[in-house]
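Throughout the sequence shown, residue numbering follows the numbering used here, covering 1 to 188 in sequence.
Treat the hints with care, since some could be wrong.
[Stated by the list, open to error] No more than 20 Å apart at the CA atoms, straight line, and that leaves these computed lysine to any residue pairs for SDA-like: (1) K88 / I149; (2) K88 / T4; (3) K88 / W107; (4) K184 / F61; (5) K88 / D168; (6) K150 / E129; (7) K7 / D117; (8) K150 / E54; (9) K88 / D78; (10) K150 / G108; (11) K187 / E54; (12) K88 / N101; (13) K16 / T4; (14) K150 / A131; (15) K88 / Q118; (16) K187 / T4; (17) K88 / E137; (18) K150 / P175; (19) K150 / E93; (20) K16 / E137; (21) K16 / D41; (22) K88 / E129; (23) K7 / D115; (24) K150 / E132; (25) K150 / E179; (26) K150 / S125; (27) K150 / D168; (28) K88 / T159; (29) K150 / I128; (30) K182 / T159; (31) K7 / M19; (32) K88 / A51.
Just so you know, these hints were derived from the structure itself, not from any lab.
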Amino acid sequence: MEVTGQKTLWEGRFIKTSMIYYRDHNGSERAWEAVGRINCDGIVIIIPITANNEVILIRQFRPVLNRYVIELPAGLIDTGEDVLYAAKRELIEETGYTSDNFTHLTWGVMSTGIDTDQWRIVLASDVIEVAEDIRREFPPDESEDIETIKVAVDSVYETLDSYINLGDMIDLRIPGLLEMVKRKMNKD
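Please build the complete structure, drawing on both the sequences and the hints.
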């Protein structure tokens, strides 16, 4: 299997659609539709945990779904930007929290059948609310409607269920990434 070419079909401000041409295992030429981000070096998702073992989640309106979604804070890594700096910036912008202890846990992909997104997973330990002057340095994106949710890690599933009952959707990465953090904390 081998990619033999690519053609951009449409390009916007943040994404592009492409046709990817490849040769399959039988030698047949095939085409695959894909979506990719542009003008960034990937996406960072932050797992913010307080000293009291609470996780900071966000409730964000997602126009694509026409619903609110419960998520972990995340955002684009600007071209050339350090991953841990991007994590700190996005955490402040989306939640008003920060940390002096950011740890890059892993990286990988999510929707391999349609997009090229590469995700960097960062743990932010002992997060605290930032002072107002810091918050002004990293203002939230005007297009985002975000509510911050602080919940004990031990009761996160009940909290997620309550939001589902309200009609919200849940980002399915939350349970897996929280388990990853629990394993890491048990090792240390």
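Hints and how they fare:
no.: 1; hint: K88 / I149; in the structure: holds (18 Å)
no.: 2; hint: K88 / T4; in the structure: violated (39 Å)
no.: 3; hint: K88 / W107; in the structure: holds (17 Å)
no.: 4; hint: K184 / F61; in the structure: violated (31 Å)
no.: 5; hint: K88 / D168; in the structure: violated (27 Å)
no.: 6; hint: K150 / E129; in the structure: holds (11 Å)
no.: 7; hint: K7 / D117; in the structure: holds (18 Å)
no.: 8; hint: K150 / E54; in the structure: holds (6 Å)
no.: 9; hint: K88 / D78; in the structure: holds (13 Å)
no.: 10; hint: K150 / G108; in the structure: violated (26 Å)
no.: 11; hint: K187 / E54; in the structure: holds (19 Å)
no.: 12; hint: K88 / N101; in the structure: holds (10 Å)
no.: 13; hint: K16 / T4; in the structure: holds (19 Å)
no.: 14; hint: K150 / A131; in the structure: holds (18 Å)
no.: 15; hint: K88 / Q118; in the structure: holds (18 Å)
no.: 16; hint: K187 / T4; in the structure: violated (44 Å)
no.: 17; hint: K88 / E137; in the structure: holds (12 Å)
no.: 18; hint: K150 / P175; in the structure: holds (15 Å)
no.: 19; hint: K150 / E93; in the structure: holds (16 Å)
no.: 20; hint: K16 / E137; in the structure: violated (30 Å)
no.: 21; hint: K16 / D41; in the structure: holds (14 Å)
no.: 22; hint: K88 / E129; in the structure: holds (12 Å)
no.: 23; hint: K7 / D115; in the structure: holds (15 Å)
no.: 24; hint: K150 / E132; in the structure: holds (19 Å)
no.: 25; hint: K150 / E179; in the structure: holds (17 Å)
no.: 26; hint: K150 / S125; in the structure: holds (14 Å)
no.: 27; hint: K150 / D168; in the structure: holds (17 Å)
no.: 28; hint: K88 / T159; in the structure: violated (25 Å)
no.: 29; hint: K150 / I128; in the structure: holds (11 Å)
no.: 30; hint: K182 / T159; in the structure: holds (18 Å)
no.: 31; hint: K7 / M19; in the structure: holds (5 Å)
no.: 32; hint: K88 / A51; in the structure: holds (17 Å)
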